[in-house]
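The whole structure should be built from the sequences, with the hints applied where relevant.
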Amino acid sequence: MTPTRKRRLYLFLSLFAGVSLAVAIAMYALQDNLLYFQSPSDVVSKQIASGEKFRLGGLVQRGTVKRDPQTLLASFDVTDGKQTIHVEYQGILPDLFAEGQGVIAHGRLTSDDHFVADDVLAKHDETYMAPEVADALERAGHPVKKKISDSEPPVTTTPDSSAG
Amino acid sequence: MLAELGQVTLVLALLLALLLAILPLWGSYNNNQQLQLLSRPLSYGVLGFIGLAFVLLTSAFISQDFSLQYVAQNSNSLLPVHYRISAVWGGHEGSLLLWCLVLAFWIAAVARFSNALPLQFLARVSAVLGMVAAAFLLFVLFTSNPFGRLLPMPVDGADLNPLLQDPGLIIHPPILYMGYVGMAVPFAFAIAALLGGRMETTWVRWCRPWTLSAWAFLTGGIALGSWWAYYELGWGGWWFWDPVENASFMPWLIGTALVHSLAVTEKRKVFQNWTLLLAITAFSLSLLGTFLVRSGALTSVHAFASDPTRGIFVLAMLGFFCGGALTLFALRAHTLKPESAIGLYSRETMLLLNNVFFAAATGMVLLGTLYPLLADALDLGKISVGPPYFGLLFTLLMVPVVLLIPLGPMTRWRQGDWSEIKAQARNMALAAAGLLLLLGLLLNPGGVRGWFGVAAGAWLMVGSGWYLLQHVRRQIGGLRRWQIGMAMAHFGVGVFVIGVSMVESGQIQKDLRMQVGDTATVGQHDYHFIASRNVQGPNYLAARGVFEVSRSGSDDIIAVMQPEKRRYAAGGSIMTDAAIDPGLTRDLYVALGEPLDDANPAQIWSVRIYTKPFVRWIWGGAILIVLGALLAASDRRYRKESVSVEQLARGRSAGATSSA
Amino acid sequence: MLKRLLPVMVFLALCVLLFAGLRMADDKDLIPSPLINKPAPAYNLPRLDADGMLGHADMLGQAYLLNVWASWCPGCRVEHEQITRIADSGVLPVIGLNYKDAEADAQRWLNHFGNPYSAIIVDLNGKTGIDFGVYGAPETFLIDADGVVRYKQVGILDQRTWETEMLPLIQSLPDQRQPQPAL
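Residue numbers (the numbering used here), protein chains in the order written: chain P, 22 to 185; chain A, 44 to 703; chain U, 3 to 185.
Simulated from the structure, these hints should not be mistaken for laboratory data. Heads up, the beta-carbon is just placed ideally off N, CA and C, and yes, glycines get one too. Check before you lean on any hint, since a few could be wrong.
Lysine to any residue pairs mimicking SDA-like chemistry, simulated, CA-CA at most 25 Å apart [to be verified]:
(1) U:Lys5 <-> A:Gly240
(2) P:Lys87 <-> A:Trp278
(3) U:Lys5 <-> P:Ser35
(4) P:Lys27 <-> A:Arg594
(5) P:Lys103 <-> A:Leu423
(6) U:Lys129 <-> U:Ala147
(7) U:Lys129 <-> P:Ser62
(8) P:Lys67 <-> A:Ala418
(9) P:Lys87 <-> P:Glu109
(10) A:Lys553 <-> A:Ile573
(11) A:Lys310 <-> A:Trp456
(12) A:Lys553 <-> A:Trp509
(13) P:Lys27 <-> U:Arg6
(14) A:Lys553 <-> P:Arg129
(15) P:Lys27 <-> A:Trp456
(16) P:Lys87 <-> A:Phe363
(17) A:Lys310 <-> P:Lys103
(18) U:Lys129 <-> U:Asp107
(19) A:Lys465 <-> P:Ser35
(20) A:Lys553 <-> A:Ala563
(21) U:Lys5 <-> P:Ser41
(22) P:Lys103 <-> U:Gly128
(23) A:Lys465 <-> A:Pro443
(24) P:Lys67 <-> P:Leu117
(25) P:Lys74 <-> P:Val86
(26) P:Lys67 <-> P:Arg29
(27) P:Lys74 <-> P:Gln122
(28) U:Lys5 <-> A:Gln107
(29) A:Lys553 <-> P:Asp140
Pairwise CB distance ranges (calculated) [stated by the list, open to error]:
(30) A:Asp641 <-> U:Lys40: 51 to 61 Å
(31) U:Asp133 <-> P:Asp134: 47 to 57 Å
(32) A:Ile128 <-> U:Arg162: 23 to 33 Å
(33) A:Ala642 <-> U:Asn127: 23 to 33 Å
(34) A:Pro625 <-> P:Leu30: 26 to 36 Å
Below you can see the structure in the form of structure tokens.
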């Protein structure tokens with residue numbers, strides 16, 4: 022082996038080691054930061070341990086939004102039409118948060134149907150519903166059939182429409 | 044009538060683009076000079092017709108022609124004129140037309156400013172760009188026509204998304220697209236080089252100024268987007284690792300690697316295949332970004348028009364351009380023997396390391412962005428990857444980069460001397476320690492992260508200054524533009540690093556309940572909520588809070604801040620307009636949350652108050668990087684007829700014999 | 003050669019993934035409403051615009067649109083113009099389903115914007131809405147003369163959807179103005 026070859030071998034070996042290490046760290050960091058999306062029905066059926074962090078998505082049940090007038094504590098129910106989870110959040114709710122609209126709350130369960138959120142997201146666009154939320158509603162038998170766009174009103178396509 | 048004309052113009056532009064894609068290429072293989080010479084007028088023609096279409100759409104917006112569906116959806120009779128113009132690219136169709144317009148600018152610029160290029164090469168570059176233009180014009184015409192009529196004509200439009208009614212959004216998309224689309228130019232150069240077969244490395248020299256300028260625009264565009272998100276979204280964050288942001292960040296990362304690998308390949312004719320691959324990847328990631336943003340395959344906070352049929356089209360384009368390019372690469376690329384062996388302590392190694400880390404960062408972002416898609420496809424559940432993943436890994440990957448930046452330009456080509464590097468590094472480290480002490484006293488970074496960041500910033504700043512100083516001493520005839528540009532960009536990275544670490548370690552964010560008359564203390568400032576009133580804007584109603592800000596313990600008012608909560612007339616969407624008191628060392632940030640007392644809505648609000656130390660340095664650093672890159676791109680050496688073609692040839696044969 | 007084919011392969015794998023992602027985004031659109039081509043849920047609700055009740059059975063024999071609306075819904079305001087246009091065209095009657103709304107608010111809304119509906123029924127607690135799988139307003143159902151749901155529009159019904167999707171469907175229905183011959 023010529024010295025050049027040898028040096029190149031070392032270079033490649035160290036590169037390989039570096040890449041493996043990087044991949045290992047990446048996978049570890051990825052596993053650590055994965056947030057699962059759960060619908061209220063999932064929460065009930067899957068028996069999620071309290072304290073485990075996840076994203077809860079669904080619609081804000083009408084008439085359940087309450088604010089404590091003295092603090093910034095807000096509470097509301099998130100529903101997918103089948104199950105309902107009570108959510109508490111300390112802070113300012115986003116502009117597009119509204120009753121009957123889709124939300125995603127980041128946080129953890131404190132008891133079986135009690136969820137404490139540390140972040141609440143509603144989407145920029147009023148007509149927008151996160152695909153996860155739409156999917157969860159579908160699974161609960163409340164299909165949302167709309168294409169999501171900010172430049173167009175929702176358009177529905179129905180496979181049956183041509184068959185008429 | 045004008046709209047129909049617009050449609051016709053787009054079809055004509057498509058025809059010219061198709062001719063541009065075919066004729067010069069044909070000519071380049073048949074040695075037909077006439078056909079090759081057509082690349083120039085055809086390029087101008089494409090620009091002319093797309094430009095005309097764009098002007099027609101703009102005039103439809105200004106004259107409020109709501110019979111156009113796109114205008115009706117993105118404008119409103121109450122919309123002020125300057126936002127009517129930016130509304131042209133406020134939705135999917137128009138922004139795609141802007142994409143095409145920007146591409147046409149690049150095509151025409153390449154045609155105009157490439158006198159030094161051999162005709163055959165220019166013909167091939169133009170033809171590849173013509174193909175890209177044709178693909179995008181087809182995309183516009185078949186899936187996203189902005190000139191579609193809406194019958195019957197509505198009385199008024201639905202209004203531009205309020206978030207986009209902002210000066211930042213007038214310039215952000217054009218600049219970002221200049222960068223995004225500009226990546227098509229190095230791509231076209233790479234393909235032309237592969238088509239040529241003879242693996243001359245001269246294409247690299249011609250390609251460098253284009254790549255640098257495109258990369259500069261991309262940097263600027265991303266920085267503008269971050270700035271917009273900071274003040275317009277009402278969250279006070281400057282980067283969210285959102286899929287849409289990642290979509291533009293990935294081409295930037297690869298672009299950064301490309302800008303550096305081009306330097307090695309030009310100077311030393313090594314890593315040529317790697318450089319080709321980077322050029323192809325950069326543009327492919329631009330297309331991937333377009334796909335992610337517009338197909339609806341991924342969930343993003345920034346909702347964009349998303350439509351799976353459009354996704355299919357972009358995917359087909361991605362398959363054609365990226366797949367075709369990579370196949371061509373596999374068939375045509377062959378390894379050039381390096382001129383001589385690369386020393387371990389050489390500039391080549393340094394730049395290789397830069398490439399390794401930036402490529403790894405790209406892979407990391409790509410993995411994090413696409414992982415939810417992968418998990419969904421494998422039925423592992425609906426998953427999102429949290430920002431800490433990106434933040435942690437990106438920081439880890441960038442630490443060595445920051446450490447190496449000042450050393451790279453110091454190191455000699457071929458074979459550097461370790462002891463010399465060590466000596467230089469020691470001197471720079473000493474100087475950096477001095478600067479750190481000074482900056483530390485001035486900036487008062489809170490926390491370990493802040494100190495580390497300022498140390499890194501000082502190291503980068505000293506490195507840039509040191510480099511210039513050394514070259515001023517050594518060089519007769521002063522510094523070259525590219526040298527100043529490089530030092531400026533690296534200095535900008537230092538400014539950026541300080542900004543990021545100071546914000547992340549020292550920011551204070553508080554959500555409070557405040558009644559008119561209340562005073563809140565956040566950080567070193569008192570915020571006195573003196574009034575709340577309703578105001579009428581051009582197309583919205585707003586509740587406006589008035590806050591007087593003073594330093595704690597002092598009565599001097601340093602700022603009066605007036606955040607607003609707006610309700611837009613059309614559609615009734617609600618938007619937070621934060622008040623920001625900007626400063627070189629800190630931003631004060633006040634935003635209204637929501638009225639808390641239904642009985643007395645004007646009096647009690649949830650209020651969000653932030654102190655953001657040195658947040659401006661983030662964008663200041665980005666501006667320096669942009670200016671540096673543009674300065675380097677304007678260097679005379681790139682505009683000269685390639686002086687050293689013979690030299691290069693000689694060098695190559697010599698290298699081949701010596702290493703054989 | 004093999005080494006240089008690696009990028010192509012990586013890219014192909016990526017394309018497969020992206021395509022899968024696209025299919026999934028597509029699927030979300032293609033899953034049909036469980037109600038489509040099934041009998042509409044039975045309802046019998048008090049009217050807002052008149053005294054008395056109106057129910058599923060009363061509407062049998064003619065095709066009609068059931069438009070879910072409420073005064074609290076900004077989308078309904080946008081849609082109002084289109085609904086008016088459809089009602090004025092006389093193609094088929096439009097029944098309003100006032101969804102989880104206060105009566106006074108609903109009346110004020112109608113007075114302000116105009117009442118395009120042939121009849122309006124009140125679903126105060128949203129129970130009928132649940133039966134129909136309503137997730138929000140506006141939503142519009144096309145129900146044929148046999149009381150079968152033929153089409154469902156979630157969100158604002160625009161002219162394009164009306165012209166390209168609903169009108170052809172309505173025209174393909176058995177003549178709606180004739181009561182179904184009793185066999």
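Hint by hint, here is what the structure shows:
For the given pair, lysine 5 of chain U sits about 19 Å from glycine 240 of chain A by alpha-carbon distance, which is consistent with the 25 Å threshold. For the suggested pair lysine 87 of chain P and tryptophan 278 of chain A, the alpha carbons sit about 23 Å apart, so the restraint of at most 25 Å is met. Pair hint lysine 5 of chain U plus serine 35 of chain P holds up; C-alpha atoms about 20 Å apart against a cutoff of 25 Å. A distance of roughly 65 Å separates the Cα atoms of lysine 27 of chain P and arginine 594 of chain A; the hinted pair therefore is violated under the 25 Å criterion.
Of the pairs offered as hints, the one joining lysine 103 of chain P and leucine 423 of chain A holds, with about 23 Å between alpha carbons and a cut-off of 25 Å not exceeded. For a cut-off of 25 Å, the pair hint linking lysine 129 of chain U to alanine 147 of chain U stands: about 23 Å separates their Cα positions. At roughly 20 Å between alpha-carbon atoms, lysine 129 of chain U and serine 62 of chain P fall within 25 Å of each other, so this suggested pair holds. Our distance criterion of 25 Å between C-alpha atoms is met by lysine 67 of chain P and alanine 418 of chain A, whose separation comes to about 18 Å.
For the proposed pair lysine 87 of chain P and glutamate 109 of chain P, the alpha carbon gap of about 10 Å is at most 25 Å, so the pair holds. For the hint linking lysine 553 of chain A to isoleucine 573 of chain A, the alpha-carbon distance of about 19 Å falls within 25 Å, and the restraint holds. For the hint pairing lysine 310 of chain A with tryptophan 456 of chain A, the CA-to-CA distance comes to about 9 Å; that is within 25 Å, so the pair holds. With a C-alpha separation of about 42 Å, the suggested pair lysine 553 of chain A and tryptophan 509 of chain A falls outside the 25 Å cut-off, and the hint is violated.
For a cut-off of 25 Å, the pair hint linking lysine 27 of chain P to arginine 6 of chain U stands: about 23 Å separates their Cα positions. As the CA atoms of lysine 553 of chain A and arginine 129 of chain P are separated by approximately 22 Å, the hinted pair is consistent with the 25 Å bound. Between lysine 27 of chain P and tryptophan 456 of chain A the alpha-carbon distance is near 21 Å, which keeps this suggested pair within the 25 Å criterion. Between lysine 87 of chain P and phenylalanine 363 of chain A the CA atoms are separated by roughly 54 Å; this puts the pair beyond 25 Å, and the hint is violated.
Between lysine 310 of chain A and lysine 103 of chain P, the direct Cα distance comes to roughly 66 Å. Violation of the 25 Å bound is thereby established for this hinted pair. Between the alpha carbons of lysine 129 of chain U and aspartate 107 of chain U the distance comes to roughly 20 Å, so the proposed pair stays at or under 25 Å and holds. Proposed proximity of lysine 465 of chain A and serine 35 of chain P is supported: the alpha carbons are some 21 Å apart, at most 25 Å. With a C-alpha separation of about 10 Å, the suggested pairing of lysine 553 of chain A with alanine 563 of chain A holds against the 25 Å cut-off.
At roughly 19 Å between alpha-carbon atoms, lysine 5 of chain U and serine 41 of chain P fall within 25 Å of each other, so this suggested pair holds. Simply put, lysine 103 of chain P and glycine 128 of chain U have alpha-carbon atoms about 14 Å apart, close enough for the 25 Å limit, and the pair holds. With a C-alpha separation of about 16 Å, the suggested pair lysine 465 of chain A and proline 443 of chain A falls inside the 25 Å cut-off, and the hint holds. Using a Cα cut-off of 25 Å, the hinted pair lysine 67 of chain P and leucine 117 of chain P is violated, with the two alpha carbons roughly 30 Å apart.
This hinted pair checks out: lysine 74 of chain P and valine 86 of chain P have alpha carbons roughly 23 Å apart, not beyond 25 Å. The straight-line distance between the Cα atoms of lysine 67 of chain P and arginine 29 of chain P is roughly 53 Å, outside the 25 Å bound, and the hint therefore fails. The suggested pairing of lysine 74 of chain P with glutamine 122 of chain P holds, with an alpha-carbon distance near 23 Å, which does not exceed 25 Å. At roughly 57 Å between alpha-carbon atoms, lysine 5 of chain U and glutamine 107 of chain A are farther apart than 25 Å, so this suggested pair is violated.
About 14 Å separates the Cα atoms of lysine 553 of chain A and aspartate 140 of chain P, which keeps this hinted pair within 25 Å; it holds. Taking the beta carbon of each, aspartate 641 of chain A and lysine 40 of chain U are about 42 Å apart, not inside 51 to 61 Å as hinted. Take aspartate 133 of chain U and aspartate 134 of chain P: their Cβ atoms lie about 25 Å apart, and the range 47 to 57 Å is violated. A hinted range of 23 to 33 Å holds for the C-beta pair isoleucine 128 of chain A and arginine 162 of chain U, which are about 26 Å apart.
A hinted range of 23 to 33 Å holds for the C-beta pair alanine 642 of chain A and asparagine 127 of chain U, which are about 26 Å apart. A C-beta distance of roughly 54 Å is found between proline 625 of chain A and leucine 30 of chain P, which places it outside the suggested range of 26 to 36 Å.
The structure is inconsistent with the numbered hints 4, 12, 16, 17, 24, 26, 28, 30, 31, 34, although it conforms to all the rest.
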